[in-house]
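We have chain A; now place chain B onto it with these hints.
There are 2 protein chains.
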Amino acid sequence: MKKVEPRILSGFMELLPSDQILFNRMVDTIRTTYEEFGFLPLDTPTIELSEVLLAKAGGETEKQIYRFLKGDTDLSLRFDLTVPLARYVSAHYNDLVFPFKRYQISKVFRGERPQKGRFREFYQCDIDIIGNESLDFIYDAEIPTVIYHLFQKLNLGKFTIRINNRKVLNGFFKSLALEEKATDILRIIDKIEKIGEEAVSQELKELGVEEEAVTKILAFLKIEGTTEEKLEALKNLSEEETFQAGVQELEIVFRALKDFQVDENYYTLDLTIARGLDYYTGTVYETRLDDYPSLGSICSGGRYENLTEYYTDQHLPGIGISIGLTRLFSQLKEVGLISSLENSLSQVLIVPMDKENNGFVLEIANYLRENGIKTDVYYQEKGMKQKMKYADRLGIPYVLIIGENEVQEGKVAFKDLKTGNQELLTKEEVLKQLTK
Amino acid sequence: MKKVEPRILSGFMELLPSDQILFNRMVDTIRTTYEEFGFLPLDTPTIELSEVLLAKAGGETEKQIYRFLKGDTDLSLRFDLTVPLARYVSAHYNDLVFPFKRYQISKVFRGERPQKGRFREFYQCDIDIIGNESLDFIYDAEIPTVIYHLFQKLNLGKFTIRINNRKVLNGFFKSLALEEKATDILRIIDKIEKIGEEAVSQELKELGVEEEAVTKILAFLKIEGTTEEKLEALKNLSEEETFQAGVQELEIVFRALKDFQVDENYYTLDLTIARGLDYYTGTVYETRLDDYPSLGSICSGGRYENLTEYYTDQHLPGIGISIGLTRLFSQLKEVGLISSLENSLSQVLIVPMDKENNGFVLEIANYLRENGIKTDVYYQEKGMKQKMKYADRLGIPYVLIIGENEVQEGKVAFKDLKTGNQELLTKEEVLKQLTK
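Chains A and B, in that order, give the protein sequences. Numbering-wise, our numbering comes out as the position in the first sequence, counting from 1, plus 886. Numbering-wise, our numbering comes out as the position in the second sequence, counting from 1, plus 886.
Just so you know, not all the hints are guaranteed correct.
Repeated chains share a single entry, so a pair holds when one copy, or any two copies, can fit it.
[Stated by the list, open to error] Derived DSSO-like pairs: lysine-lysine, alpha-carbon spacing no greater than 27 angstroms straight-line:
hint : residue 1 : residue 2
1    : Lys888    : Lys949
2    : Lys956    : Lys942
3    : Lys888    : Lys942
4    : Lys1077   : Lys1268
5    : Lys949    : Lys1304
6    : Lys1297   : Lys949
7    : Lys1116   : Lys1268
8    : Lys1273   : Lys1304
9    : Lys1304   : Lys1268
10   : Lys1067   : Lys1121
11   : Lys1241   : Lys1116
12   : Lys942    : Lys1067
Please keep in mind that the hints were generated in silico from the structure rather than gathered at the bench. Treat the numbers as computed from the prediction; the structure is a model and nothing was measured.
One chain only, chain A, in its complex shape (with noise of 0.2 angstroms):
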């Protein structure tokens, strides 16, 4: 019979049980977190109609999304969890209790020309908060304490929360009289980490902002001190309306992070966080590992004036963050933050001598399941080499034994592989080595 290649396609991500289990112990961890502070799981679907998933989209995001016909409709894969929240939150408003605080973890769907740590299918981990007419700023406070708490949890090393707020930048250009500029300003000033400063002037200038005003910017964005003092200083930067109302907000979710005992190491006020061009009106925010600065943000967010304006006339605000966990996982262990230690999530394996003792094996296996441990047994007729390379190369630390003798005694040898030690014990003393 002709072969075809098992081959995948570039750009998607698939792993071997090992790191298989080390990602789901991350996605554990985000959902355990998540749900500790309130969050309701969601689950939208991943094929919807392009007019209701393209309903804001344009320019880049259209031509990367999976789109198809199938008879006569019109369907896209979708390409992030937001569109698909606001869908959800247009049409089941009466459902929902709000502040709606809902957690998504899904794949979503770009078809990027791939490029090293790109993915064109790739996990999503959202969390939003969604008001009714309007949303109080301590949440935006609350989204940084979830994000601090979970990657500690994570322990990848010391991280920063990166905190800025669009009106106060929106605002400064506009007492500049920049505001038919702001868009490419932002664009260019987003880079300013990645280009310094001097190619920032440069291309401000190329974009026709005047001398003056380029240096007006660039010592706003070099405005430095304690958070305090950053704030002091721009209360006194400029009257410009929006400008003092961000510096407000700011002033709120940062005297909140602090009541909420949040370490003042691992967040600060970013001017030069702008995020996204069109979407965050207020808040936003990025965070980095210190570390390891070359991956870039490896968690993003910030608030919204109007989620659902697409589907409904309903105002609902909302503000939210996402962890690209796909890439976020293929970069830890590239620069070998995280490295898979298991082959297996069994804690025992229970090794028949023979098949004559099926009922006295099962007897221990129920009673060790029974108590939460994660028991293999192999059946396979092999010689005891065999059977114990099984047990090694899936990493599995203990053997249970169980031949004629042990049955006879009603005991089992229980065998440790790492030290070679074996000894008979009851299946209750077993239990008691396994959970100690």
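What follows is chain B alone, placed relative to chain A:
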């Protein structure tokens, strides 16, 4: 702004939070049980190359596939989890430990004409055990043992796992010199419960099966008694080689099931079970809820001789079973066997009286979360009545009210929403109340 109607496609499931919580609890139970039995997690891409995914497919399957071009690449969404498993095992043969036991809980896609209870996007929860060259028949008993424990935990009432063997069926038809009609005969007898004995007899005759053979087939299907009696009757029915091999396999499986302490009331030898037409080669399973026969089989599978023949020369026999969870969930809801009881996962809601005490509020929240209590906090500036309504609508059973007095005393007002009782407690006392 013109609004787009926020609808989803028919044949796709999307749940409100209360149902999503219920659905996720079922997934968690399934996953935990699979892991307790030593199965490893796997997560394959949603999109694959059509050439790879459709290496075997044909007929009905192919028509249902979501298939499309992206650029020049011919892509398909996976329509089951078995073909991706075959591809995965072929590609990673050298990195896997055999028998390879894996579970996968993922969505699959089939563009069927939508009808009641049928979904175009649905979760499959699969386990498979793949042997290298050979796989002991004891594993054919391990699969229903997992299912037995799983459905006990899912608590869906009395169920029966029906077990048969394709070799017994094929060998029996061969002994009647009907092997060329075997596929059609299987298709017909598969319907016996639906259409009755007479209609089956009629259809068999229309197929060209002689009267005498029809009588023998119907007598075969009606063999009665205990499993031991049925097996005894089968042994004497035909000398045909394949038939006898099948009977022997059944004997091994039923003996092991007894050893494995699976309650005999929960499984049976059912000679009418055929499962699919050209896929399975040995043991086959169906599972039905005794009180809800109209639901059909809620968990089916079987043994296949060579999983990977389209991808590799390796000989990899396997055995597996699948739960179509989306459909099952929808059916269980409809017949009222399950119902959503929670609108939230949070065990407690903290309600600050004002914004002045966020430090103390978060001290309490952090303490509870660190001790595993899912804790939500309400930050909107609303009246106390509206704050309590949030807890009430979400069904959160306890509320902690924190105002100036509470902060002064270092305690919180702990309110039980069911009884209306309220008392002033320390955070340690609150934890004790919530964990008792």
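Please flag the earlier hints that this structure goes against, numbers listed from lowest up. 4, 5, 6 and 7
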